[in-house]
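Peer 1: From just these sequences and the hints, can you work out the full model?
2 protein chains.
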Amino acid sequence: MLDTIRALAKKTESKILMVVLDGVGGLPLELNGDTELATATTPNMDALAQQAQLGQVELVGAGITPGSGPGHLSLFGYDPLRYVVGRGALSAVGIGVKLGAGDVAVRGNFATLGEGRVIQDRRAGRPSDEKNAEIVGKLREAISEIDGVRVEVYTESEHRFVVVFRNPGVPLGANVSDVDPQATGVPPLTAEAHDAPSQKTAELVNGFVQRAEAALAGEPQVNGVLFRGYSDVPHFPNFDEVYGLRAACIASYPMYKGLASLVGMDVLEVEGEEDALTGKVAALQQAWDRYDFFYFHVKKTDSTGEDGDFHEKVHKIELFDELLPQLLALKPDVIAIVGDHSTPSKLKSHSWHPVPLLIRSDYGRKDAAQRYTEEEAQKGSLGLRRGTDLMPLLMANALKLQKYGA
Amino acid sequence: MLDTIRALAKKTESKILMVVLDGVGGLPLELNGDTELATATTPNMDALAQQAQLGQVELVGAGITPGSGPGHLSLFGYDPLRYVVGRGALSAVGIGVKLGAGDVAVRGNFATLGEGRVIQDRRAGRPSDEKNAEIVGKLREAISEIDGVRVEVYTESEHRFVVVFRNPGVPLGANVSDVDPQATGVPPLTAEAHDAPSQKTAELVNGFVQRAEAALAGEPQVNGVLFRGYSDVPHFPNFDEVYGLRAACIASYPMYKGLASLVGMDVLEVEGEEDALTGKVAALQQAWDRYDFFYFHVKKTDSTGEDGDFHEKVHKIELFDELLPQLLALKPDVIAIVGDHSTPSKLKSHSWHPVPLLIRSDYGRKDAAQRYTEEEAQKGSLGLRRGTDLMPLLMANALKLQKYGA
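Chains as they are written, first to last, in UniProt numbering: chain A, 1 to 406; chain B, 1 to 406.
Everything labelled a hint here was simulated from the structure, so no lab data went into it. Honestly, I wouldn't trust all of these hints.
No copy is singled out in the list; a pair is fine if it fits within one copy or between any two copies.
Within a straight-line C-alpha distance of at most 30 Å, the following computed DSSO-like cross-link-like pairs (lysine-lysine) qualify [claimed, not checked]:
(1) K348 - K366
(2) K11 - K348
(3) K15 - K331
(4) K346 - K11
(5) K331 - K11
(6) K403 - K98
(7) K379 - K403
Peer 2: Listed below in structure tokens is the structure:
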């Protein structure tokens, strides 16, 4: 399908704004109750929904809970079952680290370990970015090589960091099992290799865990490391080249910037801390004339869901709704609001549930959906679709696709 | 999927009538307004919809605007991304021209050129079929061969004609760029070959354009030619053999007859000019006992959309509605109403929007859709589907498909 789109894409003056509210889809806390979206007071999204077409997207497939990488790849039109990219590679690229052939990037979480190495907090109380940098400094001092392999440690944000193993001459495999058990009350797992080239990588990972715990033994809260997502370097058909778009990424968290960069978007500078919504809007305004396509990422709708904080997720949705008029003031020819997956507070994790999709252009039909909520989206004219349908729909609504066949 | 259907198809006495209202899907002129279908007064379709099941079809894929060829192939069950057929081949076959290996058929439009060869009207004011035949006569006289290659010119209708190049011994390629820029105010493009076997074809096309303009220099309106859609001969699994149906095509425009003929349907004679609805109904009545499947094509719902004439498109829909009782009087076991793509008057062109689908048989469930309109179809039980789902659904509703597996 990417080849078909590439053949049909044409350059026009129209502008597309894709807003990704990370993990926005939710669940009611009680049977037949309201979700976070339905609970939120969102006058601006409501008004937009009444001029727009709604539907639902499944990012990977029925019943499949997408990670953020596959979820975003799907939104960008890349079948996530075909284009597989590890979170480690995303994170590394997101912080500007270049990966070469044979290098492996690994994504880490700082954790709090108790008696018997039992995990008490998989995010070590979400340390500040300053604390993160301090801990990374300690690790860099303690671990610069293991068994002759170069080890690089990079700070990401809060509890997240990235390790890159470089073994020039002998390529490392990335087919290694997670150290992170994705549960508390149990100790970290031992990494195991699933193929021969990954044997060395598993040893490096386990060696890193051991030496990191030794180096952090004096820390009260940030005293352990968990790994999941090992990856070598993926290759993508370039987003700009497939769609004929000058595309910009407006995001503040490294992984999202990394993903956008991997597919070929320009990653714009965003001023501000954490989600930096004000800085994102400013970046969008400043870059508006220079690009045709904007990927605008809002993170906190996901984080609050992961924390199981229903009311705070509602609040983050309302915060986005308040800034929506500034986005609409730019008069995008096509605006979409969507998520990369659902993150119901009830589950405190990503989930398989479809995500509501809204598309507003001058070429929409009337539909019955009146709000950007899971329930209303079911009434929308766009139906229930794969996430990879989104980019062709946005291109079409922007009148950027030629007719297929005579 | 065609292999599966072929294995399951069984012959029965039941009859299927597939009505294709060309380009029937539309858009409102203003936000949240009514489409052409919703505006039309259609008591007969309304009554049918209340006994039928509705849904929406996408003929090629999300966001993809289908040409008439791919749109129809999808309706007939052939994946249009797999079965690629040029408009030239369709047009040639539709007027009874046999194509051999190595021949290339090209579809032409007569155009009006002004000062500096600038295109003033891409359809030369839609000349009458008589004028078309007169111009084709002039071209035949002026151009019977170019560089030793045989050149045949055929009239199609209105502004459309077909050229066939035959170069026995040395096959011609069909991978040539369009002469038609699909815009006015610019001169025709020079055809370019995209591969070596098409080099000769590009030269033939450019030579034809030059000689045609010389031959038509005295004409006030029909004084230029535009080409798009070059094709050699495609091969299809035979419709009758896949579905076990004796299938008949009732259409008046050459391209639709050509397509039906390519997949193996019998093309019935239709009396009358242009859309010839009365002649089509008569042809259907006369052939009713001899076939199991009828493809009944209505063209003007598309032409009026392409002309951007909302009210005339509404009128053409109403004209079809008036003759619907004559179709129903034949008591088809299954009747479907569908389009091969949308052609909103607002866009004056084909579009990517899904097309409403109606299926009436004795084996339908109650659904919420009350009219054959885009908005009501969204409420229908058939959902939003690919066009290639239609034939299996019609076969099933006609009780012509055996169980799959034990």
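Peer 1: Are the hints correct? Go through all of them and say.
Peer 2: Comparing the hints with the structure gives:
For the identical chains of this complex, K348 and K366 are inter-copy neighbours only, at 19 Å across copies versus 35 Å inside a copy, given an alpha-carbon limit of 30 Å. Proximity of K11 and K348 under a CA criterion of 30 Å is satisfied inter-copy only: 20 Å between copies versus 42 Å inside one chain copy. Taking identical chains as interchangeable, the C-alpha atoms of K15 and K331 lie at most 30 Å apart only when both belong to the same chain, with a minimum of 9 Å there against 51 Å between chains. Within a single copy, K346 and K11 get their C-alpha atoms only as close as 44 Å, which misses the 30 Å cut-off; across copies the closest is 21 Å, which meets it.
For the homomeric pair K331 and K11, the shortest alpha-carbon distance inside one copy (18 Å) is at most 30 Å, but the shortest distance between copies (50 Å) is not. In this assembly of identical chains, the alpha carbons of K403 and K98 lie at most 30 Å apart only when taken from different copies (27 Å versus 39 Å within one copy). In this assembly of identical chains, the alpha carbons of K379 and K403 lie at most 30 Å apart whether taken from the same copy (28 Å) or from different copies (28 Å).
Hint compliance for this structure: every hint is met.
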